[in-house]
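With the hints as constraints, model all of the structure from the sequences given.
The opening position of the sequence shown corresponds to residue 19 in the numbering used here, with each subsequent residue numbered one higher.
Calculated directly from the structure, the hints in this document are not laboratory data.
A couple of the hints might just be wrong.
Listed below are the simulated EDC-like cross-link pairs for lysine to aspartate or glutamate, each with C-alpha atoms no more than 20 Å apart in a straight line [what the hints assert, rightly or not]:
hint	residue 1	residue 2
1	K33	E23
2	K33	D100
3	K33	D113
4	K33	E91
Label pairs and their calculated CB-CB ranges [unchecked claim]:
hint	residue 1	residue 2	range
5	G56	P36	33 to 39 Å
6	S120	E40	20 to 26 Å
7	D113	A87	17 to 23 Å
8	Q133	G37	29 to 35 Å
Keep in mind it's a predicted model, so treat the numbers as computed, not measured.
Cβ atoms here follow ideal geometry from the backbone N, Cα and C, with glycine treated the same way.
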Amino acid sequence: MNYTEFIQSVAARPKVPPGQAEPITRATLETLAERITGGQARDLASQLPEELRGLVHRPTEDPERFGLAEFFERVQSRAGADRQGATDGARAVLDTLRESASPKEYGDLVDQLPQEFWQLTGPGAGRLETRRIGT
19 MNYTEFIQSV AARPKVPPGQ AEPITRATLE TLAERITGGQ ARDLASQLPE ELRGLVHRPT
79 EDPERFGLAE FFERVQSRAG ADRQGATDGA RAVLDTLRES ASPKEYGDLV DQLPQEFWQL
139 TGPGAGRLET RRIGT
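See the structure below:
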């Protein structure tokens, strides 16, 4: 998927505020990169269009530890969106990632996130639970 297709996919999702697909995509990827290891960030970057790869660069290997509420606050601040726009937008970006990345890389990404993130990502590749929405 190229950059334009990625952004259009995010924009086409329900509840993504008009004109917010690009800033929310950038904010979500930057924030996600802070929450995963440097190695996983590099793996994720390999699955993204070239224009988005630099957003997931990590200067260190260790992830930051923060929960879903902090994740949304960071996306909201970076994107200049309201809380609901940041929440819906982050979900749209992760849905697009799930569709565009290889199942292995997406599963590896999800496996680094705590269970509370599953409402955005669905469970990891090795987990059998169904995706939880709105919990």
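How the hints compare with the structure:
For a cut-off of 20 Å, the pair hint linking K33 to E23 stands: about 18 Å separates their Cα positions. At roughly 12 Å between alpha-carbon atoms, K33 and D100 fall within 20 Å of each other, so this suggested pair holds. Taken as a hint, the K33 and D113 pair is honoured in the structure, with Cα atoms around 13 Å apart against an allowance of 20 Å. For the proposed pair K33 and E91, the alpha carbon gap of about 18 Å is at most 20 Å, so the pair holds.
Our hint of 33 to 39 Å for G56 and P36 holds, since their Cβ atoms are close to 35 Å apart. About 24 Å separates the C-beta atoms of S120 and E40, a value consistent with the hinted range of 20 to 26 Å. Hint check: D113 to A87, Cβ distance near 20 Å, so the stated range 17 to 23 Å holds. Checked against the hint of 29 to 35 Å, the C-beta distance between Q133 and G37 comes to roughly 33 Å, which is consistent with it.
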